[in-house]
Each structure stands twice: as C-alpha cells, then as structure tokens.
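Novice: Sequence:
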Amino acid sequence: MISISKRISDAISAYRNKDLDATRRAHSPEAIRKASERHRTESGAYIGEAVYGALDGIVTTFAVVAGVAGAKLSAGVVLVLGFANLIGDGLSMGVGSYLSTKSKREYQRSERERERWEVENYPDGEIHEIREIYSRKGFQGEDLERAVNVITSNKDIWVETMMNEELGIIEEEGHPFFNGLSTFLAFVIAGFIPLLFFVLGRAFPEIARYSFLISIILTAVTLFVVGSLKVLVTQTNWWKSGFEMLIVGGAAATAAYLVGYFLQGLV
91 MISISKRISD
101 AISAYRNKDL
111 DATRRAHSPE
121 AIRKASERHR
131 TESGAYIGEA
141 VYGALDGIVT
151 TFAVVAGVAG
161 AKLSAGVVLV
171 LGFANLIGDG
181 LSMGVGSYLS
191 TKSKREYQRS
201 ERERERWEVE
211 NYPDGEIHEI
221 REIYSRKGFQ
231 GEDLERAVNV
241 ITSNKDIWVE
251 TMMNEELGII
261 EEEGHPFFNG
271 LSTFLAFVIA
281 GFIPLLFFVL
291 GRAFPEIARY
301 SFLISIILTA
311 VTLFVVGSLK
321 VLVTQTNWWK
331 SGFEMLIVGG
341 AAATAAYLVG
351 YFLQGLV
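Position 213 of the sequence shown, counting from 1, maps to 303 under the numbering used here, and the rest follow consecutively.
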C-alpha cells in the first residue's frame, strides 16, 4: 500500500507513454530539487488504507447479501446480517489496521534507537558497515572513502542510511489511530451501498421487490469505481484494476449466493 510524489508519478507516466521529453522534465535538476522522492506520504498512507478498507467492505457485505438472497430469506434477515457484518467486520478491520501500523512504528522506532546508540557508542563498527554497503554498490578506493566520510559526518544521515540500506526499513507514515479510522469509515461507507435499497425498501414497499437487483447494479458500479481508485496507491492501469475488482467481487458474491441457495433447506 504506497503514494508517490508528483515527480515520480510524472516519471511513471512518461515511461508508460515512452515520452522521452517528459522523462527529461521529470528528472531535471529543478524537478528533483522541488520534489521529495519519499515512497510514502502521510496522506498517501490514509488513501491506501481507505481504498482497501472500502474494497473489503463492499465485497464482504455484498457476499452476505447474496448469500441471504440465495437462501431466499427475508429483507429483514439481509439487514440484520448485513449490518452485523458491517459493524463487526469494520471494527475488526479498523483495529487490525491500527495495531498493525502501531506495531510497525514501534519496531521501526526501536531499530532507529538501536542504530543511533551503535553510531554513538561504537562508531568504528558502524563505519565499517557503511563501507561494506557502498563497496557492494561498486564504490572503490578514494570514491568509497569519500562516500563513507560524507555519510558518517552527519549522524542523522548516517542513521537513516543504516535504516534503509542495512535493515531495509522505510519508516511507516501515518498515525495508527487515523489509519484505523480511515479503514473503518471506508469499510462502513462502501459496505453500506449493498444494503441501501434494502433500507429504503422498508420505507417504500413498492421498491422492495427490486432491492436485490438494484443492490447488484450499485455494488458492481461501486466495485469498479473503488477498484479504479487503486491507481492512487498502485499506479496501475485504472480500468484493468476496476474490472479486476468487479470480477473478484462478483466471484465472491456468486459463491455466497450458491452456498445460500443449496443450504436454504437448513433454515
């Protein structure tokens, strides 16, 4: 789940179109100075959590709706099971996102503290590690020593280099609470869509008979739209991503419907 800077996005677009002029602009000194090439931003972290939360919400809730419809149970049962899934699963997803982000940040913080302690208390060993890292990258002789001296002259850069190059850690962005909240809200909002016309059917009985059909249409459209929004996270082709989610969601709903249909005799 990553959000990349405008400059990197421009470079990707230029590559896809094989546009050499656009590639040059994206790699110009001015563009590089203005843009940070950090692989995640805080807002990007929340967008990613929201997109995947929304996809989970609509797929799982519609699977419940389809299963109940397959079993030919009442709209009331659809609403009870649908809302139970919406709140229960949504909370589970939100808490899971919160705990996952919190655990990653705690681990990353502890590793950063360890690296800083080693830099301050055993600099010779850390200098040797920097030398080994850049030696493997092809630096030799004076170039190698110059690179080592530049990096180790600034403790913050030194520690950051050890985090990225030795441990392979790019620190998690986004506050755990807001990651969890964005996941939960996206799950609930998107997951409510398959239930919308079952709710309206309680107030307007004339549309109740069409609730499942309308739910199928709304869910299909939403799956495609939210699937397309994955482009904000993955930078993939938007329509392929939309159709992929439409197929995955449709397969899950079909399976749930068939299970409900064949097991309807149990209720």
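Accuracy of the hints is not assured; some may be wrong.
[Claimed, not checked] DEER-style ranges, computed between Cβ atoms: (1) 279 to 119: 28 to 36 angstroms; (2) 294 to 114: 41 to 49 angstroms; (3) 268 to 232: 43 to 51 angstroms; (4) 105 to 289: 43 to 51 angstroms; (5) 254 to 297: 51 to 59 angstroms; (6) 115 to 214: 40 to 48 angstroms.
[As the list claims (entries may be wrong)] Calculated cross-link-like contacts (lysine to aspartate or glutamate; reagent style DMTMM-like; alpha-carbon spacing at most 25 angstroms): (7) 192 to 235; (8) 227 to 196; (9) 227 to 261; (10) 227 to 246; (11) 194 to 208; (12) 192 to 219; (13) 245 to 235; (14) 194 to 261.
Hints were generated in silico from the structure; no laboratory data involved.
Even for Gly, the Cβ is constructed at its ideal location relative to N, Cα and C.
Novice: Next step is simple, just say for each hint if it's right about the structure.
Specialist: Okay, the hints, checked on the actual structure:
no.	hint	verdict
1	279 to 119: 28 to 36 angstroms	violated, 43 angstroms
2	294 to 114: 41 to 49 angstroms	violated, 59 angstroms
3	268 to 232: 43 to 51 angstroms	holds, 48 angstroms
4	105 to 289: 43 to 51 angstroms	holds, 46 angstroms
5	254 to 297: 51 to 59 angstroms	holds, 56 angstroms
6	115 to 214: 40 to 48 angstroms	holds, 44 angstroms
7	192 to 235	violated, 38 angstroms
8	227 to 196	violated, 30 angstroms
9	227 to 261	holds, 22 angstroms
10	227 to 246	holds, 21 angstroms
11	194 to 208	holds, 21 angstroms
12	192 to 219	violated, 29 angstroms
13	245 to 235	holds, 17 angstroms
14	194 to 261	holds, 8 angstroms
Hint violations for this structure: numbers 1, 2, 7, 8, 12, all remaining hints satisfied.
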